[in-house]
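Q: Protein sequence lines correspond, in order, to chains A and B.
Position in the first sequence counted from 1, then plus 435, gives you my numbering.
Going by my numbering, 38 is the number at position 42 of the second sequence; the sequence numbering is gapless.
Hints listed in this document are in silico derivations from the structure and should not be mistaken for laboratory results.
A hint or two may mislead.
[Unchecked claim] Below are the SDA-like pairs computed for lysine to any residue, each with C-alpha atoms no more than 25 angstroms apart in a straight line:
(1) B:K147 with B:S57
(2) B:K531 with A:N481
(3) B:K565 with A:Q517
[As the list claims (entries may be wrong)] Chain A is nowhere near these chain B residues, computed Cβ spacing over 10 angstroms in every case:
(4) E233
(5) N477
(6) L497
(7) N502
(8) Q561
(9) L578
(10) Q583
[Stated by the list, open to error] Sample of chain B residues lacking proximity to chain A, with all beta carbon distances greater than 10 angstroms (derived):
(11) K6
(12) S57
(13) E162
(14) M171
(15) C232
(16) N250
(17) D476
(18) Q566
(19) N570
(20) I573
(21) H576
(22) I584
(23) R596
Note that the structure is predicted; figures quoted are calculated from it, not measured.
Beta carbons: idealized from backbone N, C-alpha and C, even for Gly.
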Amino acid sequence: MVSTQKAEKDGKVDLATFYVGEALCGMDILKIQEINKNMEITSVPNSPDYVVGVLNMRGRIVTIIDVCQKLGLLKSQSTDTQRNIIINSQNEYIGLLVDKVAEVVKAEWRKVTPPPSNVRGVQGKYFEGVYKKENALIAILDVEEVLKDENVS
Amino acid sequence: MNNLIDRETKDIYIEETNQSLDDIENQLITLENMGADIDMAVAKKIFHAMHIIRNGASLLSLTKIKDLSQKIENVLGLICSNRLSPNPEVINILLQGIDRLNQLTDQVDNNEDLNIDEQSVLLTGLTSAVLPDDIKQSVTEVRDIPVPNGKHIFKISEFNLIQVLEQGKNIYILMYDLIKDVQEKNNTPLNFVRFVQRHGEMIDSVFDIKSIGTLEEQEFGSEMPYFVLLASTLSCEQLIKELDLQPYQIKPVNNVIADLIHPKTDPHQKELSSTSIAKNRMTENKRRLEKLNALFCELKFSMDKMPCRLDNTSSLSKARLQTVLLNLHDLLYQENNVLASKVLWKIGRNIRDYAYQSNIKATIDLQCGYIMMDNRILCRLIDPLTAITIKMVRLVQDIEPVQLCLSMGKNEDTIALTISYANPHMIIKKTHIDCHDEEKKLHALSADLKQTFESDKGLTVEIRVPQKVFIVSGYRVKIDNYCYIFPKFNVKDHLANLNPLKWSENDSSFSFYHEDHFIPIVNISNSDISYYKNKNKLIVCEVGGQRFGVAVDELETKELDAFCQSLGKQLAENPLIIYHCLLDNGQIAFIPDMDYLVNRIS
């Protein structure tokens, strides 16, 4: 499925890169609504562990997801470098809490290779592919897969 | 006869006007240099000079010159009455008007290409900007005053009429025959106008050109009716004497104008009155409305928590119920939600102001979706200076947020304001319009405002108003640092300083003695069952006739409105909470699922 998806994509893409645990991940910058460091997150009673809470983003209540936990890694440690990457997924704003935002990398889809079954402890299904940069590998996050309801899948 | 207003008259007018405009220009600069210490004599001199230009143009049927000088005169009138300070911006706009008047007089016979739209917009904007809200609309409101022959009407800006009436002047229609009263007396039309002007302010004049006849008819009419709308401090008798009139030539119209204006003087009066009717109706129906709202919320909460997997029959019933509820919600929403449209109106005004400053004509294309846009608000959104297209769009899918898009195209010289489906691709780049206050209000409605500037497309202001916002009245409580809103319709009582002796423990359940009964206590805390021991406040709720208590850490007895938003997909399975909502202070609170709580009793 990954290869099919990738095969449909062509041309260049600007990847916003960020760290989830030790994994350097990337995402098409056009999917990102904004990146903020607003950590005034209201925790939600009875919510799954990976839901950090909800955030008042200029009047809009946004659910913040700890990407680390959602991907099966250990809970993110609260640090100054943490950021919320706000995306719009199926008409809903969702914040992805990541450990650190890195740089924007220009990539070409044709150079993106299918992901291995495991990327630094994270299942390969959560990635669209891997892009090799000079001295690092960027795992391109499949956001919809990450946000998919586990019960449904 | 037709040589009464001939080339020579026109030439004299143009020559005098050009000279006058030069003087006005210099005097305006003098006025600007004076700063706050305005020399009223200079201001009034300019006003008077402009007045003469306007009346001359009116006589000579030079419409553009007349209209533009009227607008300049309005601004000058505000300066003379100390309502507007002649700061550089104001003077600059006035000078732009003067420049255009100069061009119009230079090309008096061939000025079709010279429009006065830009200058008019700027000048009207200036006038309406300094006027209080209740008079603002009068600047662009035009009233028809019929002349006695029934064939003609004066079209006068309501603002001018109000100004004249405020000065305590009498208003008359003077009926002249230019042949008899001017030509046969060897007078010239311009001198005649000046003579009339010495006795009052000529608000307008109408020249009955049709009565003159045409060359094709080979015969000219024997009269040339000329009607003057004059404001004067003199009485009717005094004017008859001073202007050498016959009594039939003068008609006082104060009452006619007062009748025209007063019911409509304040266009907002109508609005205020309809608001007041609406308010009365609201008050009368308040209890019923609250009940209905409560019923709706309770039903909606229950519906939202209904199991997804139902057989065909129940799915159909659910769908039908939901349709009924949504319609009900629409009705309630409309009753309660004027705020959104008010905010939109204000933003519309801001956009228009921006257009004034940028010399851009405003065209508003407004498509209404879910947001209630009643006629009152539409009237205020629409300005005679703007072209407007209104399309009512009924949105089908209620999951789609509504988007209001005001876009200003640089090339098209227009502003477009549209509400349509949300476009997910929105980029924040540059903010141009100060909508800070409106933004806050929009946020209270969980709406979002974004501004985008692109050099090719111009400025785009996008407002996204999520559809699923609705208001629930309730009480705020805090339990284990979580803030909840308990819906008012479920809350029956709140108790503080609980008497420890009123607690009862039975096996693993707890109850509290309240109004002659023991009511069960529901634990929604994360802590163990004896959590209530740390809490000394209780909120008493009732769901479906079942009363129960919830022990809380903090309790506010003051009712508040919460703007509810649906839970995100990641929280949709949360059994405890059914909505989250934003409070006025920006805090997020949760609305507990009361069905879930009542089910926990057993």
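Q: Using Cβ atoms and 10 angstroms as the threshold, tell me whether B:N477 really stays out of contact range of chain A.
A: violated, 8 angstroms
Q: Please check whether the beta-carbon of B:C232 is more than 10 angstroms away from every beta-carbon in chain A.
A: holds, 62 angstroms
Q: Against chain A, does B:N502 hold up as non-interface, every C-beta pair farther apart than 10 angstroms?
A: Consistent with the label, B:N502 stays out of reach of chain A, its closest Cβ about 26 angstroms off (over 10 angstroms).
Q: Should the label of B:N570 as a non-interface residue stand, given a Cβ cut-off of 10 angstroms to chain A?
A: violated, 5 angstroms
Q: Is the claim that B:N250 lies outside the interface with chain A correct, judged by CB distances over 10 angstroms?
A: At about 52 angstroms from chain A, B:N250 clears the 10 angstroms cut-off, so the statement holds.
Q: If I take the minimum Cβ distance from B:D476 to any residue of chain A, is it greater than 10 angstroms?
A: violated, 8 angstroms
Q: Grab the minimum beta-carbon distance between B:M171 and chain A and tell me whether it stays above 10 angstroms.
A: holds, 62 angstroms
Q: Just double-check B:R596 for me: nearest Cβ-Cβ distance to chain A has to come out over 10 angstroms.
A: Holds, since 12 angstroms exceeds 10 angstroms.
Q: Taking 10 angstroms as the cut and beta carbons as the points, is B:S57 off the interface with chain A?
A: holds, 55 angstroms
Q: Is the Cβ of B:L578 farther than 10 angstroms from every Cβ of chain A?
A: violated, 6 angstroms
Q: Would the non-interface assignment of B:E233 survive a Cβ cutoff of 10 angstroms against chain A?
A: It holds; B:E233 is separated from chain A by about 66 angstroms at its closest Cβ, greater than 10 angstroms.
Q: When you look at the beta carbon of B:H576, is every beta carbon of chain A farther off than 10 angstroms?
A: violated, 5 angstroms
Of the numbered hints stated above, those contradicted by the structure are hints 5, 8, 9, 10, 17, 18, 19, 20, 21, 22, listed in ascending order.
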